Structures are given as structure tokens and as C-alpha cells.
Amino acid sequence: MGVRVKIFDEEHEEDLETKINDFLEDLDEQQLVDIKYQLSTFYDYKDQIYCYSAMIIYKERKEEEDDE
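Going from the sequence shown to the working numbering is simple: count from 1 and add 806.
Please keep in mind that the hints were generated in silico from the structure rather than gathered at the bench.
Heads up, some of the hints might be wrong.
Cut-off 30 Å, straight-line C-alpha distance, at most; resulting in silico cross-link-like pairs (DSSO-like, lysine-lysine) [to be verified]:
1. Lys842 with Lys868
2. Lys842 with Lys812
3. Lys825 with Lys812
Label-pair ranges, simulated between beta-carbon atoms [unchecked claim]:
4. Ile863 with Asp821: 35 to 45 Å
5. Glu820 with Lys842: 14 to 24 Å
6. Lys868 with His818: 29 to 39 Å
7. Glu835 with Ser859: 17 to 27 Å
8. Glu831 with Lys852: 36 to 46 Å
9. Gly808 with Tyr849: 34 to 44 Å
10. Phe829 with Lys852: 24 to 34 Å
11. Asp815 with Lys852: 31 to 41 Å
12. Asp850 with Val809: 30 to 40 Å
13. Ile855 with Glu835: 16 to 26 Å
14. Ile855 with Asp832: 22 to 32 Å
15. Phe829 with Tyr856: 15 to 25 Å
Only a predicted model underlies this, so the values are computations on that prediction, with no experimental measurement involved.
Cβ atoms here follow ideal geometry from the backbone N, Cα and C, with glycine treated the same way.
Let the hints inform the model, and build the full structure from the sequences given.
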């Protein structure tokens with residue numbers, strides 16, 4: 807099985823949570839390797855901007871490898 811990553815980047819933490827949960831629904835438990843999470847902020851003279859990001863590291867399904 808090959809290892810893949812999926813990266814998510816959202817301005818709101820609830821949006822990130824929803825996207826991650828939707829992606830995880832399609833993975834078998836044994837496919838999940840790790841999840842890395844990061845929060846970044848910056849100020850643009852008017853607003854403070856938040857960037858919530860996550861990287862999911864997972865193993866490909868056997869049939870996905872066979873298709874390549």
C-alpha cells in the first residue's frame with residue numbers, strides 16, 4: 807500500500823472539522839496513519855485572520871493501487 811496525504815485549509819475551525827470528518831468517513835480505520843494540525847494567525851491592519859489547517863496521512867486502499 808502506498809502512503810498519501812490530504813491537506814485541508816479553512817478560515818473557520820468548524821469548517822475544518824466538517825471537512826476532515828467527511829474525508830475520514832471514506833477511510834477504513836486501518837488506513838489512517840496520522841493527522842497533523844496547525845493554527846496560524848496574522849493581522850492585516852484591520853482584522854486578525856485565522857488559518858486552520860490539517861494534513862491527514864493515510865494508506866491507499868489496495869484497489870486504488872491496482873488501478874494505477
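Against the structure, the hints come out as follows:
no., hint, in the structure
1, Lys842 with Lys868, "holds, 24 Å"
2, Lys842 with Lys812, "holds, 10 Å"
3, Lys825 with Lys812, "holds, 11 Å"
4, Ile863 with Asp821: 35 to 45 Å, "violated, 21 Å"
5, Glu820 with Lys842: 14 to 24 Å, "holds, 19 Å"
6, Lys868 with His818: 29 to 39 Å, "holds, 36 Å"
7, Glu835 with Ser859: 17 to 27 Å, "holds, 23 Å"
8, Glu831 with Lys852: 36 to 46 Å, "holds, 38 Å"
9, Gly808 with Tyr849: 34 to 44 Å, "holds, 40 Å"
10, Phe829 with Lys852: 24 to 34 Å, "holds, 33 Å"
11, Asp815 with Lys852: 31 to 41 Å, "violated, 21 Å"
12, Asp850 with Val809: 30 to 40 Å, "holds, 37 Å"
13, Ile855 with Glu835: 16 to 26 Å, "violated, 35 Å"
14, Ile855 with Asp832: 22 to 32 Å, "holds, 30 Å"
15, Phe829 with Tyr856: 15 to 25 Å, "holds, 21 Å"
Of the hints listed earlier, those the structure fails to meet are numbers 4, 11, 13, in rising order.
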